[in-house]
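Colleague: Quick mapping for you: the protein sequence lines, in order, are chains A and B. Positions 1 to 405 (my numbering) are the ones given, in order, by the first sequence. Positions 1 to 257 (my numbering) are the ones given, in order, by the second sequence.
Since the hints were derived computationally from the structure, they do not count as laboratory data. Among the clues, some could well be false.
Facing chain B, from chain A, some residues (calculated, C-beta under 8 Å) [unchecked claim]: (1) 379; (2) 391; (3) 396; (4) 402; (5) 404; (6) 405.
Derived SDA-like pairs: lysine to any residue, alpha-carbon spacing no greater than 20 Å straight-line [claimed, not checked]: (7) A:144 - A:161; (8) A:268 - A:371; (9) B:76 - A:281; (10) B:154 - B:165; (11) A:99 - A:161; (12) A:374 - B:74; (13) A:372 - B:119; (14) A:374 - B:204; (15) A:374 - B:115; (16) A:371 - B:110; (17) A:268 - A:190; (18) A:394 - B:74; (19) A:372 - B:204; (20) A:372 - B:110; (21) A:394 - B:119; (22) A:374 - B:110; (23) A:394 - A:281; (24) A:268 - B:118.
For each residue, glycine too, the CB sits at the ideal point set by N, CA and C.
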Amino acid sequence: MLQETIGQERQIQYQNLLNLVGDQRQDTDEDKPLLKASQMRSIINSHRMMQAYREGSRVAYVSEQFPSEIAFAFDMIPWNLESMAIMLAQSVDVDRVFKLTQEHQLSRDICSFLRGPYGMMMENCYPTPDFVLTNTQPCEGLSKVGLISGKGYKAPVLALHAPNSIDEDSLSYLVKQMEHMMSRMEEDLGIEVGPDSLKSVVEYSNQAREYYNKTVQLLRSNSLPDVSRELQEIFGMNYFGVKENARICKVLYEEAMQLAGKETSKRKRVLWIGQVPEESHEILQHMREVVDIVYWAPLWDANMMMLDEKDPLKSIAERAILYHWDAERTKVETSQICEDHEIDGFLIANVWGCRNVMGISQVLRDIANSKKLKHLTISIDLVDRNNYAFNQVKNRVDAFLELLQ
Amino acid sequence: MITAGIDIGSLSTKCALMDEDQKVIGFDVVLTGGNNKAATEEVYKKALANAKLKRSDVGYVVTTGYGRENIPFADKHVSEITCHALGMHITNPEIRTILEIGGQDSKAIRVNEDGHVDNFHMNDKCAAGCGRFLEVTARAMGVELGELGGISEKSENTVKISSTCTVFAETEIVSLVAVGTAIPDIVKGVHNSIATRATSLLRAVGLSGPLGMSGGVALNSGVVKSVEEALGKEVYIVENPQVRGAIGAASIGQRLV
Chain A
1 MLQETIGQER QIQYQNLLNL VGDQRQDTDE DKPLLKASQM RSIINSHRMM QAYREGSRVA
61 YVSEQFPSEI AFAFDMIPWN LESMAIMLAQ SVDVDRVFKL TQEHQLSRDI CSFLRGPYGM
121 MMENCYPTPD FVLTNTQPCE GLSKVGLISG KGYKAPVLAL HAPNSIDEDS LSYLVKQMEH
181 MMSRMEEDLG IEVGPDSLKS VVEYSNQARE YYNKTVQLLR SNSLPDVSRE LQEIFGMNYF
241 GVKENARICK VLYEEAMQLA GKETSKRKRV LWIGQVPEES HEILQHMREV VDIVYWAPLW
301 DANMMMLDEK DPLKSIAERA ILYHWDAERT KVETSQICED HEIDGFLIAN VWGCRNVMGI
361 SQVLRDIANS KKLKHLTISI DLVDRNNYAF NQVKNRVDAF LELLQ
Chain B
1 MITAGIDIGS LSTKCALMDE DQKVIGFDVV LTGGNNKAAT EEVYKKALAN AKLKRSDVGY
61 VVTTGYGREN IPFADKHVSE ITCHALGMHI TNPEIRTILE IGGQDSKAIR VNEDGHVDNF
121 HMNDKCAAGC GRFLEVTARA MGVELGELGG ISEKSENTVK ISSTCTVFAE TEIVSLVAVG
181 TAIPDIVKGV HNSIATRATS LLRAVGLSGP LGMSGGVALN SGVVKSVEEA LGKEVYIVEN
241 PQVRGAIGAA SIGQRLV
């Protein structure tokens, strides 16, 4: 499609987005100052979104845990389909989107993190992509939404298939896919991305990881709930590979250093497993009154992995495999998280229709039982409020919190 | 000091009054209706009248149930899971697993020797398997809720009823009634359906030790029998099962004052 046409389309799409999600729910009634790192991320996110709607910008729809370094090496703005669903969740007009998906016979039993982006594309709110870049795990459903969006926008869809085991064969299989992906992008864009582009992106990615890892270390022995939340946001944004993200991670680490040791009261720590609601969500607010919430996903080993600057694709491949929810690896990794972070209980949030969390839940409950930790599995919907009633969930959460005390 | 426990449920509101010896000195039950504050006032007054007490005689009030946070005169509110566990433990400390089926949810609770909750599991997504399910199905069959237990004993050729969704089950029952299926066979099918859900909850929480049942549905002998048949295990029905949450709440009050 001609760039000029894309630019015109994106102007309309931007207006549609503002019309749809411009009216956001009250952010939070908690009167607390935001971390500097959180403020920076908010600004960078807004800037990134604005850029994505501009004529001439290169936009790639990406799925969760897609190696964003590849997109950044092509100077592309990664548009994370799933994370955008959380922005939708804060909109007062969220029902409009889900009503539209139902009118198109999309079952309400499908996870709202997939239905939400699908509905926003139907509302023509997302910027027309140049590419759709997906990976098949941990959510192959999202990969399928990527395929549908590529068809809808007539954009090339390039998908990575990550095997489960880590060995030379599987690494080379994945490296070849990434090489093919990159050469196809070069061909379509009519540009050549030299090794230097990927090298500088990987350097930024590693700079960010270095601070990210040091912050995770601080989280182990200190009560830093806001820092834990910010790590979750950084993980969800998946902006590893650009200078701004390295700065956010550095600032967060510096703030965590200042805050470490200040909080003396030792509250119980609950590991939040599964999809995470917006920060102002009533369940989180309710739980925060009693316990510290530590988020599971940002603590995965894959997030800590530094990339090999001499052979980046191989280490990106290894990280992609590590992101797989292999039952045995998950067991070892989560057990270690429990010990490192002195976890007292698990809250497993199973979003309706998410078979991935449902599938791994039993492994996680087994870990909790083996460690004699209290656990609660709640079925909720963090985006489509028609599928959820706070009082029903709160009743379970209250009993769980009473159990922990 | 006398304490009051008030359990504000979706169908009924219960109040129990307790003295320092952990003895229940008065209780009552009213329908919640559309105004849980009014129901709470009513049941509190009735329980006080039953015990020949005045409001000022009560030193501490603990509320539980879905409406627990809406009562301005409450000193503390606690989830009904904790309250049912304690309410059962007071009279039956040997019980280790509790099945509590209330109006809009059902729970399996595992308790330790001190009456504290070890683990619990609750129904999800639909009220199938709860009191409301019985209410809807009884209406579809044209029988009184209180008669269900006796009717189910007459079943000779029990039918299978969906245990997934109340509305699906209602549709199924209407169809069965329309083709002339014997009401006792349908009622027994409904009870078996509830038992199916209940046994899943109990096994999920880990069924161990003697099993007790509380909540209003425990008054339905047909459901109790179906649960016993499904588990191959005796179910102990505590006295006044529907008031156990309120008794547990009053007991928490005694521990706090």
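Colleague: Please verify whether residue 154 of chain B and residue 165 of chain B have alpha carbons no more than 20 Å apart.
Modeller: Violated, because 25 Å separates the two Cα atoms, which is more than 20 Å.
Colleague: Does the nearest C-beta of chain B fall within a distance shorter than 8 Å of the C-beta of residue 379 of chain A?
Modeller: At about 5 Å, which falls below the 8 Å cut-off, the nearest Cβ of chain B leaves the hint on residue 379 of chain A intact, so it holds.
Colleague: Interface hint check: residue 404 of chain A, Cβ to nearest Cβ on chain B, cutoff 8 Å. Holds or violated?
Modeller: Violated, about 11 Å.
Colleague: For the pair we were handed, residue 268 of chain A and residue 371 of chain A, check the Cα-Cα distance against 20 Å.
Modeller: Roughly 15 Å between the alpha carbons, so the hint for residue 268 of chain A and residue 371 of chain A holds.
Colleague: Would the hint on residue 396 of chain A be counted as holding, given a Cβ-Cβ threshold of 8 Å to chain B?
Modeller: holds (6 Å)
Colleague: Hold the hint about residue 405 of chain A up to the distance rule: shortest CB distance to chain B must be less than 8 Å.
Modeller: Violated, about 10 Å.
Colleague: Quick one, are residue 394 of chain A and residue 281 of chain A close enough, alpha carbons at most 20 Å?
Modeller: The given pair, whose Cα atoms are some 12 Å apart, holds under the 20 Å limit.
Colleague: Taking only the CA atoms, is the gap from residue 372 of chain A to residue 204 of chain B under or equal to 20 Å?
Modeller: holds (16 Å)
Colleague: Holds or violated: residue 371 of chain A and residue 110 of chain B, Cα atoms, limit 20 Å.
Modeller: The given pair, whose Cα atoms are some 18 Å apart, holds under the 20 Å limit.
Colleague: For a C-alpha distance cap of 20 Å, please report whether residue 374 of chain A and residue 204 of chain B respect it.
Modeller: Holds, at roughly 14 Å.
Colleague: Sort out whether residue 161 of chain A lies within 20 Å of residue 99 of chain A, counting only the CA atoms.
Modeller: violated (33 Å)
Colleague: Are residue 402 of chain A and chain B close enough, Cβ to Cβ, to be under 8 Å, as the hint says?
Modeller: holds (5 Å)
When each numbered hint is compared with the structure, violations occur for hints 5, 6, 9, 10, 11, 12 and 17.
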